[in-house]
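Trainee: First to last, the sequence lines map onto chains V and R. Here the first sequence is numbered in my numbering, starting from 1 and rising by one per residue. Here the second sequence is numbered in my numbering, starting from 1 and rising by one per residue.
Hint data in this document are derived by calculation from the structure and do not stem from the laboratory. Keep in mind that the hints are not guaranteed to be accurate.
Since the list gives no way to pick out one identical chain from another, each pair is judged satisfied if it fits inside one copy or across any two copies.
Stated by the list, open to error - Within a straight-line C-alpha distance of at most 27 Å, the following computed BS3-like cross-link-like pairs (lysine-lysine) qualify:
no. : residue 1 : residue 2
1   : Lys442    : Lys176
2   : Lys176    : Lys439
3   : Lys399    : Lys154
4   : Lys442    : Lys94
5   : Lys154    : Lys442
6   : Lys94     : Lys399
Protein chains: 2
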Amino acid sequence: VNHSFVHLLQDILPADALLTSPAECLVYGYDNSRRQAMPEAVALVETEQQVIDIVRLCYTRNIALTARGRGTGTTGATVPTHGGIVLSFERMNKILRIDADNRVMVVQPGVTNQQVQDAAAQHGFFWAPDPTSAAYCTVGGNLAYNSAGPRAIKYGSCRENTLGLRAVTGEGDVIKCGVYTTKGVVGYDLTRLIIGSEGTLAIITEATLKLIPKAETKRTFMAVYNSMDAAARAVSHIMAQAITPCALEFMDENAINMVREYAASNSHTNLPQQAGALLMIEVDGSHAHIDAEIQSVDAAARVAGHIATHHAITRQEIDALWQTRKALSPCLRKIAPKKINEDIVVPVSRMAELINELNRLSAHYQIPIVNFGHAGNGNIHVNLLVNPDDPAAMHSAEKCLEAVFDLVISLNGTLSGEHGVGLEKRDFIYKELSANEIKIMKAIKQQFDPHNILNRDKTLPL
Amino acid sequence: VNHSFVHLLQDILPADALLTSPAECLVYGYDNSRRQAMPEAVALVETEQQVIDIVRLCYTRNIALTARGRGTGTTGATVPTHGGIVLSFERMNKILRIDADNRVMVVQPGVTNQQVQDAAAQHGFFWAPDPTSAAYCTVGGNLAYNSAGPRAIKYGSCRENTLGLRAVTGEGDVIKCGVYTTKGVVGYDLTRLIIGSEGTLAIITEATLKLIPKAETKRTFMAVYNSMDAAARAVSHIMAQAITPCALEFMDENAINMVREYAASNSHTNLPQQAGALLMIEVDGSHAHIDAEIQSVDAAARVAGHIATHHAITRQEIDALWQTRKALSPCLRKIAPKKINEDIVVPVSRMAELINELNRLSAHYQIPIVNFGHAGNGNIHVNLLVNPDDPAAMHSAEKCLEAVFDLVISLNGTLSGEHGVGLEKRDFIYKELSANEIKIMKAIKQQFDPHNILNRDKTLPL
Numbered sequence: 001v002n003h004s005f006v007h008l009l010q011d012i013l014p015a016d017a018l019l020t021s022p023a024e025c026l027v028y029g030y031d032n033s034r035r036q037a038m039p040e041a042v043a044l045v046e047t048e049q050q051v052i053d054i055v056r057l058c059y060t061r062n063i064a065l066t067a068r069g070r071g072t073g074t075t076g077a078t079v080p081t082h083g084g085i086v087l088s089f090e091r092m093n094k095i096l097r098i099d100a101d102n103r104v105m106v107v108q109p110g111v112t113n114q115q116v117q118d119a120a121a122q123h124g125f126f127w128a129p130d131p132t133s134a135a136y137c138t139v140g141g142n143l144a145y146n147s148a149g150p151r152a153i154k155y156g157s158c159r160e161n162t163l164g165l166r167a168v169t170g171e172g173d174v175i176k177c178g179v180y181t182t183k184g185v186v187g188y189d190l191t192r193l194i195i196g197s198e199g200t201l202a203i204i205t206e207a208t209l210k211l212i213p214k215a216e217t218k219r220t221f222m223a224v225y226n227s228m229d230a231a232a233r234a235v236s237h238i239m240a241q242a243i244t245p246c247a248l249e250f251m252d253e254n255a256i257n258m259v260r261e262y263a264a265s266n267s268h269t270n271l272p273q274q275a276g277a278l279l280m281i282e283v284d285g286s287h288a289h290i291d292a293e294i295q296s297v298d299a300a301a302r303v304a305g306h307i308a309t310h311h312a313i314t315r316q317e318i319d320a321l322w323q324t325r326k327a328l329s330p331c332l333r334k335i336a337p338k339k340i341n342e343d344i345v346v347p348v349s350r351m352a353e354l355i356n357e358l359n360r361l362s363a364h365y366q367i368p369i370v371n372f373g374h375a376g377n378g379n380i381h382v383n384l385l386v387n388p389d390d391p392a393a394m395h396s397a398e399k400c401l402e403a404v405f406d407l408v409i410s411l412n413g414t415l416s417g418e419h420g421v422g423l424e425k426r427d428f429i430y431k432e433l434s435a436n437e438i439k440i441m442k443a444i445k446q447q448f449d450p451h452n453i454l455n456r457d458k459t460l461p462l
Numbered sequence: 001v002n003h004s005f006v007h008l009l010q011d012i013l014p015a016d017a018l019l020t021s022p023a024e025c026l027v028y029g030y031d032n033s034r035r036q037a038m039p040e041a042v043a044l045v046e047t048e049q050q051v052i053d054i055v056r057l058c059y060t061r062n063i064a065l066t067a068r069g070r071g072t073g074t075t076g077a078t079v080p081t082h083g084g085i086v087l088s089f090e091r092m093n094k095i096l097r098i099d100a101d102n103r104v105m106v107v108q109p110g111v112t113n114q115q116v117q118d119a120a121a122q123h124g125f126f127w128a129p130d131p132t133s134a135a136y137c138t139v140g141g142n143l144a145y146n147s148a149g150p151r152a153i154k155y156g157s158c159r160e161n162t163l164g165l166r167a168v169t170g171e172g173d174v175i176k177c178g179v180y181t182t183k184g185v186v187g188y189d190l191t192r193l194i195i196g197s198e199g200t201l202a203i204i205t206e207a208t209l210k211l212i213p214k215a216e217t218k219r220t221f222m223a224v225y226n227s228m229d230a231a232a233r234a235v236s237h238i239m240a241q242a243i244t245p246c247a248l249e250f251m252d253e254n255a256i257n258m259v260r261e262y263a264a265s266n267s268h269t270n271l272p273q274q275a276g277a278l279l280m281i282e283v284d285g286s287h288a289h290i291d292a293e294i295q296s297v298d299a300a301a302r303v304a305g306h307i308a309t310h311h312a313i314t315r316q317e318i319d320a321l322w323q324t325r326k327a328l329s330p331c332l333r334k335i336a337p338k339k340i341n342e343d344i345v346v347p348v349s350r351m352a353e354l355i356n357e358l359n360r361l362s363a364h365y366q367i368p369i370v371n372f373g374h375a376g377n378g379n380i381h382v383n384l385l386v387n388p389d390d391p392a393a394m395h396s397a398e399k400c401l402e403a404v405f406d407l408v409i410s411l412n413g414t415l416s417g418e419h420g421v422g423l424e425k426r427d428f429i430y431k432e433l434s435a436n437e438i439k440i441m442k443a444i445k446q447q448f449d450p451h452n453i454l455n456r457d458k459t460l461p462l
């Protein structure tokens, strides 16, 4: 990126939309992976035409281009490791249309997940993806990663809740993918191909989101088990009956012990001493049916090894119930501020086996491992409590992590359920994908982005 | 396909698995589109390795290869227009695994949809896609077309209900797509790319299906309206509340009149003379909640213009209620045995506009048009009642059809909701997809099938 290139960018963008000073560029160079790289310029785009013009400029000059929302991703996918230009969508953040009759919202990629939820709520709807970072993260970022959250168990991820996209390929071509309706089978499914491709195939400039009617009410309960085996059996039982919860989260024994040891005393008043795992379960529905529904799920949760169940109805009771779970993150931050957090997935029926094996690996590598996550999807956040500034510990952690990934694959699981690949897992995905799959994925990348400017070297192995 | 090629096929297949006589090949040359072409040989494959070997043989000799289920498709996608080899999956029809704890079934592509439903039902589950041809059609065909049916309104199509695939590309490479779990974001989404690609990208050899718990019970009612406008408003109302029906079918005035005129008298005892449209609505759920749920939906269906509602509970009452709808197909066959049946989709809120415009086109082109279909998805079966053996009528019909497609696109709809493109709509999809989309789709096809042997000249424009 030299002076003449900056001049060409200035022709495309208004004066205040092009950042080139290192101080300004700095904050566009990192994400929640704690990786960092310096972009040479940042373009605060406002229109699809600007995106097209910048893509064309970049590929004619072989300049790397990294699209970015708010940098809440955890895998480094938005870190501009090749310098070049960062495209930030913070100004391209409009809700273009809310069409309640058709349950559709059309948005620009820079809108935050929370803004979408707020606007949908005014019409009695919501959009299913609910990452923890909803208040900050953008829809563009959600789509790039195929983000999810607790609600995915009942309502799915971005792929199931996005009808169509507009996007700009690495050749500067605008493509209109998908439909405005809930069915459509004309041509190949480019919508789902681009969702989850982490900005490597095309830059999303507009999304048509599928909205879902908000349930009238929600009930929460906590079920405590004497072992992870019992909790995993309960999850299978719950998932085999007809009422699907809208959240089915779990904490393992290590997570429970950590809260008991480090958190304020009121966080674990509900936890009997022999608690080996717990489930937090939410069911949503209408006022008329919710009591009967929660009873069905509660009954399914009472398997052998079940110790106690606590129900919550009022806001206050619900908050009290979530205290154990909410105390966990501050505890983890206190003990291991730079913990390694993976988000692997295994079949629900293999969760207990996974946790048992993780405990074995923990002992073998002398690394505390704490597990919690979205039990209904078998999507487990595996936290290795190590200090990355300690080289010996990190060496062990790397070996342990590799063993964790091998374990996951041996259980018919996947390396990531919602955080994605980015840079963090790029060099491990050969464990899950064969050379044939990687070959065809690279060939697809080459068609969308023949000049290899879009998020270079991310997602697929080198 | 010459003698030496047949010898090479004989090395791959058991003696009784290779058909070469015209009499035997004939039945593998047509589908429900009434198009026909003669394959030069038919391979009744039993293993993935045979598929690989045949693909390799075909591409080294530039022989066209068409994969096929049971030929229930309506768009000609399985008609071997380039001769060559037809791969029939009738012998590769095993259910490989039913994993109730994880709500998963693994099947070979030749299993019928009904066999999957029956096997799932034994564990209290079902697979969502429910095409009318369920008793005959195969899962491989369902996936190739991204088939759906009435249940799609609540439970989605193949794309939302398939976790992973194994498939053989046009280069003979086996690719393993997707996951065994309900979440997974490693690499590009090849699963949904192959689903709906009509056998043009890869040949599916195994599918991992997502099962859903069967509801305990179901209730049915019919709501009658004085106009299509009123019925369409009711559909929007129903879709805006939280209880989603598991079927929401409609018939327009022309369809109702046809039943009234041509069907046995007991088919329309429930139909008042001023009926301008009707909805058939089914809600599934548990015994405990179903009454309250059906009441919510019924209340939402009572918009201005609503004339009457008839509820059914017993099997006998339900059958009686469906009689009007079921009488329609025999009536249509009687009046226009070779009718043109399209399956376009428009946003639910535009359905009334569409039907009104279709009536205008019907008058203009002097072609009776009868409409019914899956109202909850805006997926409408538009039937042009013409005799294809009458050249003048067919000329009008072609012009009318083109106007129908233009109308659908102008209403932000799509040319097909579940029947697909095949040969029937291939030359119209430029109305929906731009040159940029077609360019990238062709580029993707070229990567999967560089020798262009897989279902040549289907799905994408020439």
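Trainee: Hint by hint, say whether it matches the structure.
Mentor: Verification of the hints:
1. In this homomeric assembly, Lys442 and Lys176 come within 27 Å of each other (Cα to Cα) both inside a single copy, at 22 Å, and across copies, at 15 Å.
2. Both within a single protomer and between protomers do Lys176 and Lys439 lie at most 27 Å apart by alpha-carbon distance, with minima of 26 Å and 12 Å respectively.
3. Taking the shortest Cα distances, Lys399 and Lys154 never come within 27 Å of each other, neither inside one copy (35 Å) nor across copies (45 Å).
4. For the homomeric pair Lys442 and Lys94, neither the shortest alpha-carbon distance inside one copy (33 Å) nor that between copies (33 Å) is at most 27 Å.
5. Taking CA atoms no more than 27 Å apart as the test, Lys154 paired with Lys442 passes in neither setting, with 33 Å inside one copy and 36 Å between copies.
6. For the homomeric pair Lys94 and Lys399, neither the shortest alpha-carbon distance inside one copy (45 Å) nor that between copies (41 Å) is at most 27 Å.
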